[in-house]
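Q: From first to last, the protein sequence lines are chains A and B. Note that the numbering used here has the first sequence beginning at -17, numbered continuously upward. Note that the numbering used here has the second sequence beginning at 33, numbered continuously upward.
For the record, the hints were derived by calculation from the structure and aren't laboratory data. Accuracy of the hints is not assured; some may be wrong.
Quick list of the computed label-pair ranges, beta carbon to beta carbon [claimed, not checked]: (1) A/D313 - B/A327: 20 to 28 Å; (2) B/A231 - A/N498: 44 to 52 Å; (3) A/G38 - B/G257: 28 to 36 Å; (4) B/G354 - A/E41: 12 to 20 Å; (5) B/G257 - A/L423: 32 to 40 Å; (6) A/D277 - B/E51: 42 to 50 Å.
Interface residues of chain B toward chain A, partial, derived using beta-carbon atoms under 10 Å [as the list claims (entries may be wrong)]: (7) A58; (8) H70; (9) A72; (10) Q74; (11) Y113; (12) W118; (13) S278.
Within a straight-line C-alpha distance of at most 30 Å, the following computed DSSO-like cross-link-like pairs (lysine-lysine) qualify [to be verified]: (14) A/K102 - A/K133; (15) B/K253 - A/K73; (16) A/K178 - A/K354; (17) A/K291 - A/K412; (18) A/K73 - A/K133; (19) A/K493 - A/K97; (20) A/K7 - B/K324; (21) A/K7 - B/K321; (22) A/K518 - A/K493; (23) A/K231 - A/K204; (24) A/K187 - A/K354; (25) A/K412 - A/K297; (26) B/K313 - A/K518; (27) A/K431 - A/K272; (28) A/K0 - A/K297; (29) A/K133 - A/K151; (30) A/K518 - B/K253; (31) A/K488 - B/K253; (32) A/K272 - A/K354; (33) A/K204 - A/K73; (34) A/K0 - B/K321; (35) A/K272 - A/K297; (36) A/K291 - A/K231; (37) B/K321 - A/K518; (38) B/K313 - A/K431; (39) A/K97 - A/K107; (40) A/K151 - A/K204.
Using N, Cα and C, we set each Cβ at its ideal position, and we do this for glycine too.
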Amino acid sequence: MDKPYAITLDVGSSLANKTGAWRTKRPVYLDRLPPCNNACPAGENIQGWLYHAESGDYEAAWRALTEDNPLPAIMGRVCYHPCESSCNRGKVDEPVGINSVERFLGDEALKRGWKFYPPKTESGKRVLIVGAGPSGLSAAYHLRRFGHSVKIVEAGPLAGGMMRFGIPKYRLPRDVLDGEVQRILDLGVELELNCKVSNILDTMKAGHFDAAFLAVGAHIAKRAYIPAGEAAHMLDAVSVLRSMEGEEKPMLGRRVVVYGGGNTAPDVARTAKRLGAIEAIIVYRRTREKMPAHDFEIEEALQEGVLIKWLSTIKNMANEGTLTVETMALDATGFPQPTGEFETLEADSLVLALGQDVDLSLLDGVPALDIKDGAVQVGRNMMTGHAGIFAGGDMVPSERTVTVGVGHGKKAARHIDAWLSGNTYAPAPKHELATFDMLNLWYFSDAPKTMRPLLELARRTSTFEEVVGGLTEDNALFEARRCLSCGNCFECDNCYGMCPDNAVIKLEPGKRFEFNFDYCKGCGICVSECPCGAIKMVPETN
Amino acid sequence: MIKFYQTGTFTVGNRLLAEDQRSVQADMHRTNSLNSGHRACQGCGEALGARYAIDAAMVATGNQLIAVNATGCLEVFSTPYPETSWQIPWIHSLFGNAAAVATGVAAAQRALGRNNVRVIAQGGDGGTTDIGFGCLSGMFERNDDVLYICYDNEAYMNTGVQRSSATPPAARTATTPAVGPSPGNVFGTGKYVPRIAMAHRISYVATASVSNLRDLERKVKYAMGIHGARYIHIFVPCPLGWGSASEDTIKIARLAVETGLFPLFEAQDGEVTASTPIRHKVPVTEYLKLQKRYAHLFGNPPDVGRIARIQMMADRNIDEFGLLQ
Chain A
-17 MDKPYAITLD VGSSLANKTG AWRTKRPVYL DRLPPCNNAC PAGENIQGWL YHAESGDYEA
43 AWRALTEDNP LPAIMGRVCY HPCESSCNRG KVDEPVGINS VERFLGDEAL KRGWKFYPPK
103 TESGKRVLIV GAGPSGLSAA YHLRRFGHSV KIVEAGPLAG GMMRFGIPKY RLPRDVLDGE
163 VQRILDLGVE LELNCKVSNI LDTMKAGHFD AAFLAVGAHI AKRAYIPAGE AAHMLDAVSV
223 LRSMEGEEKP MLGRRVVVYG GGNTAPDVAR TAKRLGAIEA IIVYRRTREK MPAHDFEIEE
283 ALQEGVLIKW LSTIKNMANE GTLTVETMAL DATGFPQPTG EFETLEADSL VLALGQDVDL
343 SLLDGVPALD IKDGAVQVGR NMMTGHAGIF AGGDMVPSER TVTVGVGHGK KAARHIDAWL
403 SGNTYAPAPK HELATFDMLN LWYFSDAPKT MRPLLELARR TSTFEEVVGG LTEDNALFEA
463 RRCLSCGNCF ECDNCYGMCP DNAVIKLEPG KRFEFNFDYC KGCGICVSEC PCGAIKMVPE
523 TN
Chain B
33 MIKFYQTGTF TVGNRLLAED QRSVQADMHR TNSLNSGHRA CQGCGEALGA RYAIDAAMVA
93 TGNQLIAVNA TGCLEVFSTP YPETSWQIPW IHSLFGNAAA VATGVAAAQR ALGRNNVRVI
153 AQGGDGGTTD IGFGCLSGMF ERNDDVLYIC YDNEAYMNTG VQRSSATPPA ARTATTPAVG
213 PSPGNVFGTG KYVPRIAMAH RISYVATASV SNLRDLERKV KYAMGIHGAR YIHIFVPCPL
273 GWGSASEDTI KIARLAVETG LFPLFEAQDG EVTASTPIRH KVPVTEYLKL QKRYAHLFGN
333 PPDVGRIARI QMMADRNIDE FGLLQ
């Protein structure tokens, strides 16, 4: 016995006491679906790429972003960012400027010349893509990365589709468009321009293609019957915007009236202003609240001096350019009804921006297709009724935006890839949504949104320079760091630091944490102090 | 000054900060002075506060630390013979003499020529503000080289939630039941030991809270960087004694600070030198409602008179320590 006086037992550690046995509930780490990711039509992992941007690793952020969307510099300019509308931070101060960070990453990639990694293996399969718009380019990118051989056939003289022939330069500079298209082509995607596919089955057969993805867009302007004199100058928005890309700029005159309420209407009116029109007036039959055009486009148009006549329809256009406009009133169902009150507007030209139809002639003679309301019907796998022919973008029923098109391209590529190997692609089940009430906002400091600089008005209405500027590195970093990381652990150490029982094991950086259930008593502090809602309590089963 | 980071400076760790700017508790290799397997209740604020304080002191002293522990919850749940959760040199004293024993330990180290070994005495509010108060005052007035840490959970929890001189007005305890014309602890009683410590004009007095880790660690590290008698009073919610949910421990501590009921401040040589501002001021009802010991205030009709008096206490602290800046 060499123990001190009155000591009979060896000193033991409390580690022998497995307090985990007290537990009736246990904490579980989980990844929840951030609302931004949930809202993104292109299926981007926004929270995921912001995580890298926060640490200043812009290339990693760009690579995470381009896993889903190969066009970030374009997205950062033309996307209507539903991610920001759903951002949980919007309930605190203002949404995270996801769109502006995306643009910063896209521009950074172009500046630094980051390239996509080529596929590791070649599948030997050949896929034909019709249309080099956002949907076709997106599909080409993803299919090429799966290792398939991809050829895009484009009817127009340049790639880009509506991004080139529908979106004005002041919103999307062409060097940005060209840069992002070229990077996809650099993956080994073949592009044939000025080639209109007249019969898809013949083209597939002649080129030995195993599958086809159609994304021809909607390029045919819808017309409305407006009685007009022979000398009346009436054009459609599609051809006006398209001719902006050619040598011959459209002749619109000094007083331009645009008829319609979609996003194309402000695009045309703002273009007219830049071409020297003194007056550009949008005529729309309903009210601002009912207008499909996005708020910021209307706002920017109004700032540039575009005028808008609400609740008005155009009845006729006389030779000398006099428009007869009838005032409308909304009925109980919100539909505009004529009032019988007329006025006149003087106009050198009238541009119709009444929507677009799809040219479906390439599908003539293809059996088993379902075409409804001028759009091709596709299944959940983006395949048309004809096996091996998939379709997406504006030619299938959906919201017609660049981002939706890009999303279709990705989705179709995944299904085409599976189809080519005789499988079906089953998307992973979605995580549960990370809602606002799951966050612990105490841990986030106040930080209002960084606004992108706007080009001065004088320069906006006289040139085609880009209106919305980009963020600098400093404020892009700040903006990225405003992300609340909803539903996804960002390794803040709160659970590790605040466990009264040391029952959280901190792993290496990037590997997050584990619970030590030998000692976790199930108090739940980790759950209530997790800033981002990435832990939940579940009942113990035995 | 730290620039804007995703989580500000309010989380335990932050991957965007340099290693040396992170908290002790974020460190994968922290001491874990009070290790797993202790028998504290679920969500114990005192277990957390003790680990925060002693881990920080270990870093500040290069692990040259001895702790003397008064009787109380902290001693009972950590060290039932022969097991212990402590991973540092640790000695249990009587309920009332931790400060005196620590004085002796410090004297012994001096006699042995171990000038680098530092001493902490620690106890609950019962062992500090009531039973050990004489020894504590003696340690202060002799300016012994000891940091005394009081973990304040506002009653004798270990023996079954009896009132102490740190129990706040209106709180129900086993000895201040919520019955009669003045339910719960009586207004106008009790004492505020941080102020009494300041009256000894010792070199450093501070209050801290488990809800404000960085503030707590900074104060402990500062205290270990100087010599003489020092005192830190740490607010540690007790789910059992207060009748609160175990997951709300940090939240309740945070609300005590944000209402103004528990002011965070520092004092040197008897003068208040700094206070930690309130970020988002909240009414005291937010704090009181989460605890069953105040449930009698929220009957039908609610006891608006007593609630107003508690609010006045909070507002007085806000004025006195300049908590709204």
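Q: Now tell me if each hint is right for this structure.
A: Against the structure, the hints:
In this structure the hint that A/D313 and B/A327 lie 20 to 28 Å apart at CB is violated, the actual value being about 58 Å. For B/A231 paired with A/N498, a C-beta distance near 45 Å keeps the hint of 44 to 52 Å intact. For the pair A/G38 and B/G257, the supplied restraint of 28 to 36 Å holds, since their beta-carbon distance comes to about 34 Å. Distance hint check for B/G354 and A/E41: the Cβ-Cβ separation is about 47 Å, which falls outside the suggested range of 12 to 20 Å.
About 34 Å separates the C-beta atoms of B/G257 and A/L423, a value consistent with the hinted range of 32 to 40 Å. Between A/D277 and B/E51 the CB atoms are about 46 Å apart, so this pair conforms to the stated range of 42 to 50 Å. Hint status for B/A58: holds, given a least beta-carbon distance of 4 Å to chain A, under 10 Å. Interface hint status for B/H70: upheld, as the beta-carbon distance to the closest one in chain A is roughly 5 Å, under 10 Å.
This hint holds: B/A72 has a C-beta 6 Å from the nearest C-beta of chain A, less than the 10 Å allowed. Evaluation of the B/Q74 hint against chain A yields a held restraint, the C-beta minimum of about 4 Å falling below 10 Å. A distance limit of 10 Å between C-beta atoms decides the matter here; for B/Y113 the minimum to chain A is near 7 Å, and the interface restraint holds. Restraint check, B/W118 versus chain A: the minimum CB separation of about 9 Å is within 10 Å; hint holds.
A cut of 10 Å between beta carbons decides the hint on B/S278: the least distance to chain A is about 4 Å, and the hint holds. Distance check on the hinted pair: A/K102 and A/K133 sit about 19 Å apart at the alpha-carbon level, within 30 Å; holds. Distance check on the hinted pair: B/K253 and A/K73 sit about 38 Å apart at the alpha-carbon level, beyond 30 Å; violated. Annotation: proposed proximity of A/K178 to A/K354 holds, straight-line Cα distance about 23 Å (limit 30 Å).
With a CA separation close to 45 Å, the supplied pair A/K291 and A/K412 exceeds the 30 Å bound. Our distance criterion of 30 Å between C-alpha atoms is broken by A/K73 and A/K133, whose separation comes to about 46 Å. Annotation: proposed proximity of A/K493 to A/K97 holds, straight-line Cα distance about 28 Å (limit 30 Å). The straight-line distance between the Cα atoms of A/K7 and B/K324 is roughly 22 Å, inside the 30 Å bound, and the hint therefore holds.
The suggested pairing of A/K7 with B/K321 holds, with an alpha-carbon distance near 24 Å, which does not exceed 30 Å. For the given pair, A/K518 sits about 18 Å from A/K493 by alpha-carbon distance, which is consistent with the 30 Å threshold. Of the supplied pair hints, the one linking A/K231 and A/K204 holds, its CA atoms being roughly 22 Å apart against a limit of 30 Å. Distance check on the hinted pair: A/K187 and A/K354 sit about 26 Å apart at the alpha-carbon level, within 30 Å; holds.
Distance restraint check for A/K412 and A/K297: the Cα-Cα separation of roughly 51 Å exceeds the 30 Å cut-off, and the hinted pair is therefore not satisfied. Distance restraint check for B/K313 and A/K518: the Cα-Cα separation of roughly 29 Å lies within the 30 Å cut-off, and the hinted pair is therefore satisfied. A hinted pair counts as satisfied when its Cα atoms are at most 30 Å apart, and A/K431 with A/K272 qualifies at roughly 28 Å. The straight-line distance between the Cα atoms of A/K0 and A/K297 is roughly 84 Å, outside the 30 Å bound, and the hint therefore fails.
This hinted pair checks out: A/K133 and A/K151 have alpha carbons roughly 27 Å apart, not beyond 30 Å. A distance of roughly 34 Å separates the Cα atoms of A/K518 and B/K253; the hinted pair therefore is violated under the 30 Å criterion. At roughly 24 Å between alpha-carbon atoms, A/K488 and B/K253 fall within 30 Å of each other, so this suggested pair holds. A C-alpha spacing of about 25 Å is found between A/K272 and A/K354, which places the hinted pair at or below 30 Å, so the restraint holds.
Taking the CA atoms of A/K204 and A/K73, the gap is near 40 Å; set against the 30 Å cutoff, the hint is violated. About 33 Å separates the Cα atoms of A/K0 and B/K321, which puts this hinted pair outside 30 Å; it is violated. About 21 Å separates the Cα atoms of A/K272 and A/K297, which keeps this hinted pair within 30 Å; it holds. Proposed proximity of A/K291 and A/K231 is supported: the alpha carbons are some 26 Å apart, at most 30 Å.
Straight-line distance between C-alpha atoms of B/K321 and A/K518 comes to about 24 Å, which keeps the hinted pair within the 30 Å bound. Of the pairs offered as hints, the one joining B/K313 and A/K431 holds, with about 24 Å between alpha carbons and a cut-off of 30 Å not exceeded. As the CA atoms of A/K97 and A/K107 are separated by approximately 24 Å, the hinted pair is consistent with the 30 Å bound. Of the pairs offered as hints, the one joining A/K151 and A/K204 holds, with about 23 Å between alpha carbons and a cut-off of 30 Å not exceeded.
This entry does not satisfy hints 1, 4, 15, 17, 18, 25, 28, 30, 33 and 34, going by the numbered hints stated previously.
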